[in-house]
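Engineer: Start from the sequences and build out the full structure, keeping to the hints where you can.
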Amino acid sequence: MALPTGPVTASTDAERAMFDFVDAYDRAFETAAVRHGLSVAQACVLGRLTRERGMGELADELGCDASNITQIIRRLEARDLVRRQPHPDDRRSRQIVRTPEGAGLYAAFEESFAFARSAVSNLSAREQDQLATLLRKALHGNDRPAG
Numbered sequence: 001m002a003l004p005t006g007p008v009t010a011s012t013d014a015e016r017a018m019f020d021f022v023d024a025y026d027r028a029f030e031t032a033a034v035r036h037g038l039s040v041a042q043a044c045v046l047g048r049l050t051r052e053r054g055m056g057e058l059a060d061e062l063g064c065d066a067s068n069i070t071q072i073i074r075r076l077e078a079r080d081l082v083r084r085q086p087h088p089d090d091r092r093s094r095q096i097v098r099t100p101e102g103a104g105l106y107a108a109f110e111e112s113f114a115f116a117r118s119a120v121s122n123l124s125a126r127e128q129d130q131l132a133t134l135l136r137k138a139l140h141g142n143d144r145p146a147g
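Numbering (full-length UniProt numbering), first residue to last: 1 to 147.
The set of hints was computed from the structure by calculation and includes no laboratory data. A couple of the hints might just be wrong.
[Unchecked claim] Computed beta-carbon distance windows for the label pairs:
| # | residue 1 | residue 2 | range |
| --- | --- | --- | --- |
| 1 | Ser39 | Arg117 | 36 to 42 Å |
| 2 | Gly47 | Asp23 | 18 to 24 Å |
| 3 | Asp129 | Arg92 | 45 to 51 Å |
| 4 | Phe19 | Asp129 | 19 to 25 Å |
| 5 | Asp80 | Asp20 | 23 to 29 Å |
| 6 | Leu139 | Gly47 | 15 to 21 Å |
Only a predicted model underlies this, so the values are computations on that prediction, with no experimental measurement involved. Just so it is clear, CB atoms sit at the ideal spot from N, CA and C, and this is done for glycine as well.
Structural biologist: Now the structure itself:
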């Protein structure tokens with residue numbers, strides 16, 4: 001179930017457009033996840049596993065409780081999409097990695113989740129650069145990280 005987004009009362013056209021975009025993005029993400037038999041949370045976790053990750057690191061990055069990550073990982077493990085392996089420097093802890101099946105499923109998910117690519121294709125190269133600059137400025141002010 002997608003969370004409702006948008007302000008109670010939009011104060012500007014830019015704010016309304018931003019919330020409309022986020023809503024459309026969220027709906028497209030959820031549709032792509034469901035198409036591949038994933039929940040939104042499972043798709044998010046699989047997407048973060050481009051390298052070995054600890055459960056606490058995943059929880060922090062996704063802004064959720066560690067017990068939520070444990071449940072998500074348990075469900076992904078049951079489908080052989082991820083596995084836990086010993087941490088190379090600390091055998092008491094475990095890291096989560098995608099299995100080949102998980103990597104293949106996530107690649108298919110990414111291919112079908114074309115919302116951002118499609119939206120950006122409506123803009124010229126110059127407009128894409130402007131949009132990226134403006135979004136970074138909106139998120140970080142004038143102290144934006146290099147990227």
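Engineer: Now tell me if each hint is right for this structure.
Structural biologist: Structure-based check of each hint:
For the pair Ser39 and Arg117, the supplied restraint of 36 to 42 Å is violated, since their beta-carbon distance comes to about 23 Å. Here the CB-CB span from Gly47 to Asp23 is close to 20 Å, well matched to the stated 18 to 24 Å. One distance hint, 45 to 51 Å for the beta-carbon pair Asp129 and Arg92, holds here, with the actual separation near 47 Å. With their beta carbons about 23 Å apart, Phe19 and Asp129 fall inside the hinted range of 19 to 25 Å.
In this structure the hint that Asp80 and Asp20 lie 23 to 29 Å apart at CB is violated, the actual value being about 38 Å. A C-beta distance of roughly 19 Å is found between Leu139 and Gly47, which places it inside the suggested range of 15 to 21 Å.
Going down the numbered hints, you'll see the structure goes against 1, 5, while the others check out.
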